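Protein chains in written order, with the numbering used here: chain A, 1 to 243; chain B, 1 to 243.
By construction, these hints were calculated from the structure, which means they are not laboratory data. Incorrect hints may appear among the rest.
Copies of the same chain look alike in the list, so a pair counts if it fits in one copy or across any two.
With a cut-off of at most 30 Å between alpha-carbon atoms, the simulated DSS-like pairs for lysine-lysine come out as follows [what the hints assert, rightly or not]:
1) K145 with K48
2) K145 with K22
3) K3 with K165
4) K145 with K3
5) K48 with K3
6) K13 with K145
7) K48 with K22
8) K13 with K165
9) K165 with K145
10) K3 with K13
11) K13 with K48
On a predicted model such as this, the values are computed, not experimentally measured, just so you know.
There are 2 protein chains.
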Amino acid sequence: MGKLFVIGLGPGKEEYLTIYAKSAIDEADVICGYTAYVELIAPLFPGKELFTTPMTRELERCRHALSEARQGRTVALVCSGDAGVYGMAAPVLELLPEYPGVEVRIVAGVTAALSGAALLGAPLGHDFCVISLSDLLTPWETIEKRLRCAAEGGFAIALYNPSSKRRSGHLRRACDVLLEALAPDTVCGLARRVGRAGEEARLLTLAELREAETDMFTTVFVGAPATRRVGGYMVTPRGYRTL
Amino acid sequence: MGKLFVIGLGPGKEEYLTIYAKSAIDEADVICGYTAYVELIAPLFPGKELFTTPMTRELERCRHALSEARQGRTVALVCSGDAGVYGMAAPVLELLPEYPGVEVRIVAGVTAALSGAALLGAPLGHDFCVISLSDLLTPWETIEKRLRCAAEGGFAIALYNPSSKRRSGHLRRACDVLLEALAPDTVCGLARRVGRAGEEARLLTLAELREAETDMFTTVFVGAPATRRVGGYMVTPRGYRTL
């Protein structure tokens, strides 16, 4: 019986791979994943069989990976960021009972909240929430409620999927919800294309964030009330300075 | 002028290091950090100068690292997990204006929420919060408020620092707060000593979690209302199965 590694690649550059992720892909016979990510890493692992599917074909990808493993092969199913955060680990484990005997290993990776934060400074230095603004699989009312709870709790917030070709205006609507509880000058940040060509980091206020252009390669950071600008960095202190 | 890398090591085993973290430590003249973590990785990087301080001496450690870099050396300040999540990135950036000219690079790593989740399955497959139960630097009332907001928002939750030698009963008190909003049979998980000798993962209910023993090497996961047990795994679905 084969083995399926579900692997988080980090933001997309070889140096952000963990050593574990690299050795798991090395061990695999076949690499499965979303077309864009497989194309990004395939040159690092020449000679592997590739199976790619476009976005929204996640279940097909998981089933193919499980079925190849069922036939005795070693499979690397790759995701950007972490395998568990909006990644393929959950759907693979949900389908696993249909593929008895397959051994699954989840290989954690650096999710966009962490890689984007490192570029901006330390926006997630204290308690934080991660919220996706995609309403493809989650009702918008649920997203709004989570934004309200996150602001009410004084969390720093990382927002995934602030916009896409099909969804525009979501970030503006999210900012309007956050502005009910947070000051317009709350320190915010944008991290774009981390670890790839065109990498960008930008600090701005929550009021400015409402007007900002983002795309599917952007992760948005909304500071807690304690978050400050220090030099060019966005920093959420834990409180060591007061010790 | 020197360079300071603030580096997340991941859970503590070489294979969870990113390639970037490994090459940054290789490049460094001196490794600074909490004694226990430096001892864990020092054998991998023979010949480096080491500077260690015990817990609660974080600012001293940061100042030493900055001051060595100011003198032209290349310094690796290492943290467990990620450099930015309850790590040294925030205090270093707060102190940086006192050490002009030092170049700082934050090197993200796999934080315990991600490495522990990978061991348990996919507990953080949808929106989630990360909350520390340490009230050393945060008033307990703030922690309670965040627990309430996280439960109210239907987030999955990763709890850091569930207990320590000085603090006991915090996890029980946190569970009591969560039980005001969440069902006693909410799926929960414990991940302990991930990537080290004695690694353990355990699924339990929120009612059972209230009675559980934890230590400073444990990360606690509290499921969202949608979180389920599938096989031996804790899974928070994103909703792909309903597409």
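So, going through the hints one by one against the coordinates:
1. K145 with K48: neither (44 Å within a copy, 50 Å between copies)
2. K145 with K22: neither (39 Å within a copy, 41 Å between copies)
3. K3 with K165: The answer is neither: 36 Å in one copy and 40 Å across copies each exceed 30 Å.
4. K145 with K3: neither (39 Å within a copy, 43 Å between copies)
5. K48 with K3: within (16 Å within a copy, 38 Å between copies)
6. K13 with K145: Result: close neither inside a copy nor across copies, 35 Å intra and 38 Å inter.
7. K48 with K22: both (13 Å within a copy, 26 Å between copies)
8. K13 with K165: within (24 Å within a copy, 40 Å between copies)
9. K165 with K145: Cα proximity of K165 and K145: one copy only (24 Å, versus 37 Å across).
10. K3 with K13: both (25 Å within a copy, 22 Å between copies)
11. K13 with K48: Classified as both; 19 Å inside a copy, 27 Å across copies.
When the structure is compared with the earlier hints, violations turn up for hints 1, 2, 3, 4 and 6 and for no others.
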